[in-house]
Amino acid sequence: MEHIRTPKVENVRLVDRISSKKAALGTLYLTATHVIFVENAPDTRKETWILHSQISTIEKQATTATGSPLLIRCKNFQLLQLIIPQERDCHDVYISLIRLARPVKYEELYCFSFNPKLDKEERERGWMLIDLGEEYKRMGLPNNYWQLSDVNRDYRVCDSYPTELYVPKSATAHIIVGSSKFRSRRRFPALSYYYKDNHASICRSSQPLSGFSARCLEDEQMLQAIRKANPGSDFIYVVDTRPKLNAMANRAAGKGYENEDNYSNIKFQFIGIENIHVMRSSLQKMLEVCELKSPSMSDFLWGLENSGWLRHIKAIMDAGIFIAKAVSEEGASVLVHCSDGWDRTAQACSVAGLLLDPHYRTLRGFMVLIEKDWISFGHKFNHRYGNLDGDPKEISPVIDQFIECVWQLMEQFPCAFEFNERFLIHIQHHIYSCQFGNFLCNSQKERQELKIQERTYSLWAHLWKNRADYMNPLFRADHSQTWGTLCLPSTPFNFMYKFWNGMYNRFEKGLQPRQSVTDYLMAVKEETQQLQEELEALEERLEKIQKVQLNHTKVKSKQSEPSKHSGFSTSDNSTANTPQDYSGNMKSFPSRSPSQGDEDSALILTQDNLKSSDPDLSANSDQESGVEDLSCRSPSGGECVPSEDSGKDRDSDEAVFLTA
Amino acid sequence: MEFAELIKTPRVDNVVLHRPFYPAVEGTLCLTGHHLILSSRQDNTEELWLLHSNIDAIDKRFVGPLGTIIIKCKDFRIIQLDIPGMEECLNIASSIEALSTLDSITLMYPFFYRPMFEVIEDGWHSFLPEQEFELYSSATSEWRLSYVNKEFAVCPSYPPIVIVPRSIDDEALRKVAMFRHGGRFPVLSYYHKKNGMVIMRSGQPLTGTNGRRCKEDEKLINATLRAGKRGYIIDTRSLNVAQQARAKGGGFEQEAHYPQWRRIHKSIERYHILQESLIKLVEACNDQTHNMDRWLGRLEASNWLTHIKEILTTACLAAQCIDREGASILIHGTEGTDSTLQVTSLAQIILEPRSRTIRGFEALIEREWLQAGHPFQQRCAQSAYCNSKQKWESPVFLLFLDCVWQILRQFPCSFEFNENFLIMLFEHAYASQFGTFLGNNESERCKLKLQQKTMSLWSWVNRPSELRKFTNPLFEANNLVIWPSVAPQSLQLWEGIFLRWNRSSKYLDEAYEEMVNIIEYNKELQAKVNVLRRQLAELETEDGMQESP
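Order-wise, the sequence lines are chains A and B.
By the count of the numbering used here, the first sequence reaches residue 660 at its end, each step adding exactly one.
By the count of the numbering used here, the second sequence reaches residue 1549 at its end, each step adding exactly one.
Since the hints were made in silico from the structure, they are not lab data.
A couple of the hints might just be wrong.
[Claimed, not checked] Partner residues aside, some chain A positions facing chain B, computed with beta carbon under 7 angstroms:
| no. | residue |
| --- | --- |
| 1 | Leu301 |
| 2 | Leu511 |
| 3 | Thr528 |
| 4 | Glu536 |
| 5 | Leu538 |
[Claimed, not checked] Below, computed lysine-lysine pairings styled on BS3-like, alpha-carbon distance capped at 25 angstroms:
| no. | chain 1 | residue 1 | chain 2 | residue 2 |
| --- | --- | --- | --- | --- |
| 6 | B | Lys1469 | A | Lys525 |
| 7 | A | Lys325 | B | Lys1506 |
| 8 | A | Lys244 | A | Lys325 |
| 9 | A | Lys498 | B | Lys1175 |
Being a predicted model, the structure only gives us computed values, none of them experimental.
A virtual CB, placed ideally from N, CA and C, is assigned to each residue, including glycine.
Can you make the complete structure from the sequences, with help from the hints?
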């Protein structure tokens, strides 16, 4: 609280980015956790909530006659442009936010004050939802070749690894410790995934400290042990996910990569995923393109190409595909590493897992995958996503890229994933929101020291509770597309990878498809379920009546006729019904009816009002920050199917149908 | 028959066919007057049945005695035939070349095609102008049907019947026709029932350099405005291009002479610029060697999506004038047969829910493309692989279909038809067994006696068994105006057309099937529940009646 210089500024304007003419007048509030903008329009009072932890940059622009503009860019790709009448107020807001957006202690983060009103037991159960012990059991471990090692008990060997790790049975503590001394940050090779069908495995580690000629017998024995744990293959792949040049440069610093001559029966392979700095600047460039005001097609495509973003996505996918093919087709085990083995290695292993194992393509399995390859193996969430104020050079969209890889796969295999796009978007949001404890800190050890599980709530339980919102209606457990390995063409075509509008422009509703096929189909499926129940009930009643031929009190069927399809409206017709500025800068097309414009924005407001006007909802994770919007509202809410047009009241129809 | 002379080798054995996503097939190649057929010897089923008119270009290669013919189709598919024997190969190649470039329209397949299906409804009579007019006449009496072009004398590219302002007589129309390019005087394209505003289209006014005027033209255009109302003239050319047109006798309306109208210039490209764009795009899609960056660069360099954006933007602007500004519009470019029709038809897709139904969309194509005189024969003579660039070939209609697809993608539940319907129309515009897209205008179609001698595409499409394939399972009638986004982020490459032969669509097809299943099952249950409800209600009333005395 002491950082808030001014808690409230009136007569602030929120600028609509798509049509600059429209700006909403309202009041800006700063709270300990949020920036809140409440519009003045009396019947709507639309609210926009931004979590401090989502704020990426704050930019004060030159004051003009209309006021001082303040640009707030968020990590979930929201962009807020405010115009504050007084320069002094703007400065106060700016200074306050600079501090609020960069907390220095974990205790300042939202998850320590966030209270979803669950009791202790519920919170504990939430943390138990995802259990990695169970996951390794599901893989078929331990078995004759792999065992749980206690070598890292109390983080004695490697402080960024979890305590429970699977290693080959033949790898003794001596070998492991020896190998760990030969690896960056002592991140020795450990099991990430075991492929039951053919005993091949995916192991991960950091780079070896090989320099130009150094060797380590234990490390060589370690790799041999991994190879021997797979009787089906007489070699293992060692995949270095870095570009060869980067790996070679590391040798000068006493690090580097495995020399094929020193290790028996390894096949060494580079896959050029660029480092975190390249990725950070690539995302930056792409977001600049997204921010362009009415770009031409060329501006957009050139900008996208020059950002290199999709090329990087492809490189990560290529790594995952290589590993998955080695495991499933060649039956060979793979050791994956990069430099420290916590960024590119996490990406490559988790993409490979997703391709190989249908379980990871289910809702719960996907949580397990992130828990395993990212959280437990010490992906540095705090550094990468800037939860606490730190070195800006450590920040990089590593998991964002993985999440995008999943989306790219979902586009290719629409029936193969149990979850939908919204699930990915919400996970991305919460990686930055710090509303749940899951992604705090840089390692398991830090999280334990902070007693995260006792003091915060688990995102997984929250997502699981709302799983109806995240289902892919096209997923069918018995569908051939959902089985086994996802097979991409051996040389995936470039045109396979597309710009993810739904993520990077997700707050620009005007740029999104106006009707959601997913929501429509979910509503149909939900209704199908109700019909099934009704059918059974009707059959029962019919049977009774026919059998008994008795008439008790006359039961009038009150069901409304099945005009049910009217309830499926999934379009956000407020925007659909508002033309954009198609005339561009053309002077010869004057807007002759200024009132028209007001009417349009009023339309938007009424519609948006439905989503976030209730401050009570702020306790609910997504409402406050505007993640949820009308089209995201789950049909399973039942009582609140998005209504199509303000002129039609379709909900009532549906409600009658539901109570029947 | 004439074709026999062109077919030197009607049949070759041991030919190997290579196609995308299918294993190579060995079989017998047969050439007929209109088809190239390959059937594998094993079970005598045809493996390939390709219309010669679908062939855009061929290449031949020889390695020793083995010849290879690469056939590039107008639908962008590329297939390869390995033919043993140099002479056979050369004969086949020259036959294909001759048969795929027949000069005479009357030798085309539609004149020989005998349908194997029963015609339920003759498509030639499905969309009569009189019927279309009836849809409007209930709402307004300001317009009338004119038969002034009965003999195609006033305007060779117009149909015999057009809709014009009631207050303008045929004599005036004749005079206006003299003042408009190609005799294309302003006619009604669309009447917006909600507010009575209209879209008209025409050819450019022939003002020339000395600013010629035509009183009747001014009167006609003003007659469409209600008292005190204003209108917009959307010229699909940039001001610069329009000004240059004056030197060739064309031009644009001087606002001084049309005081109630404001002119807007947009710039939609035409002719060879679009053709080159298509050629570059298809080249980029077929090249699988380049890396990610070059792909986006080449997509950009083709400018295809830029054209899409420009056309859609202009159509949205037109719709905005009508629906939001409450102003009528007149649209023209130079001839009024290309970009003009793209804009008038897309504006209707946006404004008019009926044009988003299957029937309504067919009627739209009939009205705004076929009757309106888009020269299909010229524009669709060749596709993306042809080297002999004649200047009148241009993918104008394909761009229109692509724009419709873009809107469909943004409003997946608002169209009664699906993507396959659009793809089918693209295919038939370029090569077809039906006569619908033959000729350049109604006049030519009349002379060819297409109605008597060929089958209409609509006769085939509108049969229930075919319609099923083209119906969008997600369709929910949406009576609103739909405003698509024209931002670059919202526009995508139409993969169903351009990557159709370069990537497997297996998983996408499965997803579509699953979608259909979900909805069909829902309908099935709905029907069952309704039956039971009715039974139950009947039983209960019976019981009630027994009880009441």
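Structure-based check of all given hints:
The restraint placing Leu301(A) at the interface with chain B holds, with a minimum CB-CB distance near 4 angstroms, inside the 7 angstroms limit. The beta carbon of Leu511(A) is positioned within 7 angstroms of a beta carbon in chain B (closest approach about 5 angstroms), and the interface hint is therefore held. Hint on Thr528(A) holds. Least Cβ distance to chain B is approximately 5 angstroms, under the 7 angstroms limit. For Glu536(A), the interface hint is violated, the least distance from its beta-carbon to any beta-carbon of chain B being 10 angstroms, above 7 angstroms.
For Leu538(A), the interface hint holds, since its Cβ comes within 7 angstroms of a Cβ in chain B; the closest pair sits about 4 angstroms apart. For the given pair, Lys1469(B) sits about 22 angstroms from Lys525(A) by alpha-carbon distance, which is consistent with the 25 angstroms threshold. Simply put, Lys325(A) and Lys1506(B) have alpha-carbon atoms about 20 angstroms apart, close enough for the 25 angstroms limit, and the pair holds. For the hint pairing Lys244(A) with Lys325(A), the CA-to-CA distance comes to about 21 angstroms; that is within 25 angstroms, so the pair holds.
For the proposed pair Lys498(A) and Lys1175(B), the alpha carbon gap of about 54 angstroms is over 25 angstroms, so the pair is violated.
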